[in-house]
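**Q** Spelled out, the chains give:
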Amino acid sequence: MEYWSSVFAMILDWKVLVFLPIGVIVGAIIGAIPGLTITMSISVLLPFTLFLDPLPGLVLIFGISKGGLFGGSISAILLNVPGTPAAACTMLDGYPLSRKGRAGEALDTALWASFLGDLISVLALILLAGALAQLGLKFGPVELFALIVFSLTVIAAISTSGLLRGIVGGLLGLIAGTVGLDLVYGSERFTFGSANLYDGIAFMPLLVGLFALPDILLYYFGPRQARKGVGRTAGGASGRLSMANFRMILPTILKGGFIGVILGAIPGIGATASTFVSYAEARRSAPDREEFGKGALSGVAAAESANSGTGASTLIPLLALGIPGDIVGAMLLGAFYFHGLAPGPLLFQNNLDFIHALYITLLISSAIVLIVGRYGTQYIKRIVEVPRDVLFPIVLVLTVVGAFAISNSLFDVWVMLVAGMVGIGFRALRIPEAAFLIGFVLSPLLENNLQRVLIIGKGEMSAFFDSWIALVLYAATVAAVVGRIILPALQEHKLKRQAG
Amino acid sequence: MLLRLLPGAVTLLVGLVLALLVVPLGVDDPGFSQPHTLAPHDFPDRLSWLVVFCGILLLLVGWMQPGTEAVSPGPIRLRRAIPFAAGFAAFVLLIPVIGIELSAFCFIMGLFLFASDIGWGRALIVAGVFALVIHLLFIRLAGVPIPSIVRLIS
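Respectively, the protein sequence lines represent chains U and A.
Here the first sequence is numbered in numbering that gives the first Met the number 0, starting from 0 and rising by one per residue.
Here the second sequence is numbered in numbering that gives the first Met the number 0, starting from 0 and rising by one per residue.
Everything labelled a hint here was simulated from the structure, so no lab data went into it.
Values in this document were obtained by computation on a predicted structure and should not be read as measured data.
Note that the Cβ used here is the ideal one computed from N, Cα and C, for glycine as well.
Check before you lean on any hint, since a few could be wrong.
Just so you have them, the derived chain U footprint on chain A, three or more residues with Cβ under 8 Å [said to hold, decoys possible]: (1) 9–20; (2) 59–65; (3) 93–99.
If you only want the chain U side, here are some residues facing chain A, beta carbon under 8 Å, derived [unchecked claim]: (4) 174; (5) 222; (6) 409; (7) 410; (8) 488.
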């Protein structure tokens, strides 16, 4: 009883009750504005959460992420412009519905699909993270080394830019993560005499620079663009989803939610790929499959439920094993560390009350998404039309304030600017920033466990294979690489045969 | 063809600079080594050579396979980029001198007036309100330790 009262005391803190809805509203607005991404908004706001207690700070980030997953659907349905990459599938049927004057039904479908997909995702997190953390307790240096290698390889393999570029991104991230003092000898590495780099490259400025700055810098470096809003909304947002239609789309929503949960829990896959898998499945099996592409409610439901289904399930490997599954996970890992919490099995042993408070706030945030979507869409729709030349200066100032505030130093602002230029270079060479960031975050963990395995095994290579869990993870790593190389070749061969 | 080879060439160059210059010059030698451990330069050194290897593979892939081109980040106009960069640097450097509120106000006003079609009146209102929001939200409410005009004056 005393335990649960401490849990509820954490949740009923006014900061949690204020910042959770703020996060959802901000996320929904930013998700709805094409050109502003969830990762951009989280990277801009993350430094400010460090001045809050751990729970309010983290729920603000979770709120933005969840609100953003739903917000992307608003512009996809009303403007035929996806607010987020994951909303691209929603657009395929959402916009045709709007043009038929059924925008209200499409938005309702997106909202219920987001709510239920998210709820399934949170329940999966609650059920699975603890069990996985139990397994994680059996992980020693050998297993952890294999797990990090597996995670980095899968993230590289899944990258849309290709396996090789994903690996290059991961390797450069790992190298950037070695800046600072060496773990064993305490020697300086790549500090070049600067005391600002003794603790390594600061995570927050790097994050803000990589994810928030490139779009803004390119906007101001390029030719002046005619001032314009994103577009005009098609049709009104009136009209509601009928009970009969809700019953029709419910199985698609549930299926999409589970697809999102499963694919979201695998490091590297994320929301966008999950929506396409769910959409393809619904196109095969939904009652209104004939209408797909022309305005099918099931199309919107499939995409949105899978999209939101990934929301909490990406946290399963993060909370249970300390391994981020996507960019938001890597950002959250940084936020956890800043608050003195290390995600992984020990978090479940030492901070179980915090974990339970987090679970409950995640459930509450699902309900807040529903309320914000039900009553706030009409207002969010108006904000979507604010042009970039008004938004970008404001975002730019926020990035500087955030970077400066962490250590009250201009050095971090310059780090952020350099990271922004590196981000532009990555885009030009199509090297995924996500692989770089996750490599950067996991670098000390990888090197530390590599050192420990070498010491335990007295330099023998056989020590790396001295565990069945590690062997399974190595096999999965090889399978991911081979699959990434062979599957496209098989697909190409099949297409050639069909053409011939 | 050049665009197809560019990602591999840049990766190879970065890898070589890391392996041959940055790692040898940037890592201090501890002067002793414990048995069965990696020396401070070992881990970044191996990673750098892996980058070199990936660069060679990317060059080969770019040479043999279409669809692997570098993509242009978009046209860059120096006439816009240089004043923007100068304005941005001035904004950052002025923060410790005149505080975040005033420097943000000037920077936003500048961007509104010279890089958009927003008129004087609206630019003044938006920049002023935003400077006020920064002060109230971040300095007063969240207690972010950034130079503020109020603190600088007092």
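**Q** List, from low to high, the hint numbers that the structure doesn't satisfy.
**A** As far as the earlier hints go, 2, 7 and 8 are violated by this structure, in ascending order.
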